[in-house]
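Enquirer: Make one complex out of these two single chains by using the hints.
Chains G and S are the protein sequences, given in the same order.
Quick note on numbering: the first sequence equals residues 0 to 237 in numbering that gives the first Met the number 0.
Quick note on numbering: the second sequence equals residues 0 to 124 in numbering that gives the first Met the number 0.
Errors might be hidden in some of the hints.
Only pairs whose alpha carbons sit at most 30 Å apart, straight line, appear in this in silico DSSO-like list of lysine-lysine [stated by the list, open to error]:
(1) Lys11(S) <-> Lys177(G)
(2) Lys116(G) <-> Lys177(G)
(3) Lys25(G) <-> Lys11(S)
(4) Lys177(G) <-> Lys143(G)
(5) Lys177(G) <-> Lys123(S)
Calculated from the structure, these hints are not laboratory results.
What you are looking at is a predicted structure, and each value in this text was computed from that prediction instead of being measured.
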Amino acid sequence: MADEATQRAAIVAAARAVADRLEAEKSHLTDLDSAIGDADHGSNLARGFRAAADAVEDEEESSPQELVKKIGVTLISKVGGAAGPLYGGSIMSASQTLEDGLTAETSVDFAEAYLEKVKDRGGAQLGAKTMVDALTPAVHTYKKSIEVDELPPLTALAKATAAAERGVEFTVPLRAQKGRASFLGWRSVGHQDPGATSTWFIMQELLDVADDYLEGDTDVDARSPTIPDETPDEVDES
Amino acid sequence: MIGLVVVSHSQKAADGICELAAEMGGEAPLEAAGGDDGEIGTNADLIGEAIAAADDGEGVVVLVDLGSAVMNAELAIEITDANARIADAPVLEGALNAAVEAASTKSTLESVLEKAEDAREYRKR
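Next up, chain S with everything else stripped away, as it sits in the complex (with noise of 0.2 Å):
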């Protein structure tokens, strides 16, 4: 299955987006990476393990919040074996669209960022 990873400077947000996405029924795996220890910020290492943790072999989409995330997320992808895309989309509307995306059979790499990406249409009011 296509794995997911949830990037944000807070390790609550991330975790509870992830917890979020959990609830749209599907069983891809979904792993959240914060700040080193608990702290604000971003980190390439965690970003990387999360997406190890995450890979099957198929690949991973990365949703991200802002700023260093985005850079962080980047130099990770970089760095690790798997492939791993990072989702141009809010992170919490797009971590739960691309989760509904990965439950499906069929779901590609490129379905599911395509799904996520899909959430930057989202209108509020």
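Chain G on its own, in the form it takes in the complex (with noise of 0.2 Å):
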């Protein structure tokens, strides 16, 4: 597990990093959403995840767990509709599983908690056309990636990311059930969903900044390389 000091420094240039992906995204995030949302989750997201770049930047004597809680909070009071508490909240929320700092132990706990607490608060399971279509399959795929493959937490990242990328594309031909877009009823069908879009480029630049601190295979996708044997007990349930 790498020291404070370098967790401290992959949270503050993950943060940087997320949020000059939304500013260059914003325009193109904001079409998505004009098509079937109310055209503000560009411009939200970007100045919500600037103003928790700038939050964390000089915190120098916060622990791990308490920079990315800072994040989560820091996005709450920024980012107004339904994103503020889907990701800050969730964010703050999932925070609490980083008491012992970032490890692939804990990194796996933390995407679990959040997945849960953006299925929880938006009431939306599977399907629905929501970022829980981008963020089941990175989650299951991060998860299986490192409990039963025992791969290195990069080359899960890289896999979960790639599984994200087909969670966007699921959402295209899908009619919406959440938010404003569910008010569009079958005219939603055919549109990407800005929501499980902006959670994939986050987590393309989660990749590309744990790439400049771990080692590890970027060149995957989240095809798995073994066949499953029969004993279903080796991924912890709880």
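Expert: Rendered as structure tokens:
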């Protein structure tokens, strides 16, 4: 496990990378959101993550857990609408899993806690054309890659990011069941979900930053290299 | 007294509903929470501030419009120290019902919540 100063540097770098990416994708996300939402996703998220990156920039005394919590709290206050509680609230809540810092094990706990909170808060299940459709394959792939295939965390994150991309594509042909997009009914079919898309962008940036700190293979896809055996008890179901 | 918070995507709508509820005669604290800087939307921090302002220690009933108002109110309640509950009720009718009940010296958090939720049954024709 990397020392605390390294973890802190990685978290600050990740916040900055996500803020830069969302700034660059602002009009792209807003275009997606104009089609089926209220056209504010790009600007809201970019503003929020910029504020979050600024908030953790000079926090040299904070633990990794406190930094991640601060990112969540800042998003809650700066991002209006549903994205504030879904991204910020879930990061804040999931930061509880990082008490012992960022390790392969706690990162799986964080990913699972984040997904659970998003589902719980938004009341969305898989297939409702939401960020859950990108997050679920990403979190499942990450957990399995680490706990069953025992891949290095960087490789696991690369596979999870590839899985998120498939999830984003899956939202295109679905009918929206949540949020403003659901009011469009069948007219929402054929449009890519903005929340799933921004979730994937965020993961790409996390991967890019992780690549500066960790060893592993990033040229991978979501497919598993092994044929599953029949004992289904290798993954902790808690 | 039990405090009331009205959350709407529109600050004007939230203010207007509070204005109507105040007409019900009670002295219960009434706070409105709308979007940040007058924009359309809802914000958990602003809802949290409204809950804190409406709470005198006995609890707060929160009336919400829809969508993100529900999520932001839930989050605000998780963060606040106040005993606050969201009414599963239409925001305007629920707020008026709640204000009537909150005016009674015998009202409790449960009774105000219950009266607010009675508004679900209101028919218009």
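Enquirer: None of the hints should be skipped; say for each whether it holds.
Expert: Verification of the supplied hints:
no.: 1; hint: Lys11(S) <-> Lys177(G); in the structure: 26 Å, holds
no.: 2; hint: Lys116(G) <-> Lys177(G); in the structure: 16 Å, holds
no.: 3; hint: Lys25(G) <-> Lys11(S); in the structure: 29 Å, holds
no.: 4; hint: Lys177(G) <-> Lys143(G); in the structure: 28 Å, holds
no.: 5; hint: Lys177(G) <-> Lys123(S); in the structure: 27 Å, holds
The earlier numbered hints are all upheld by this structure, with none contradicted.
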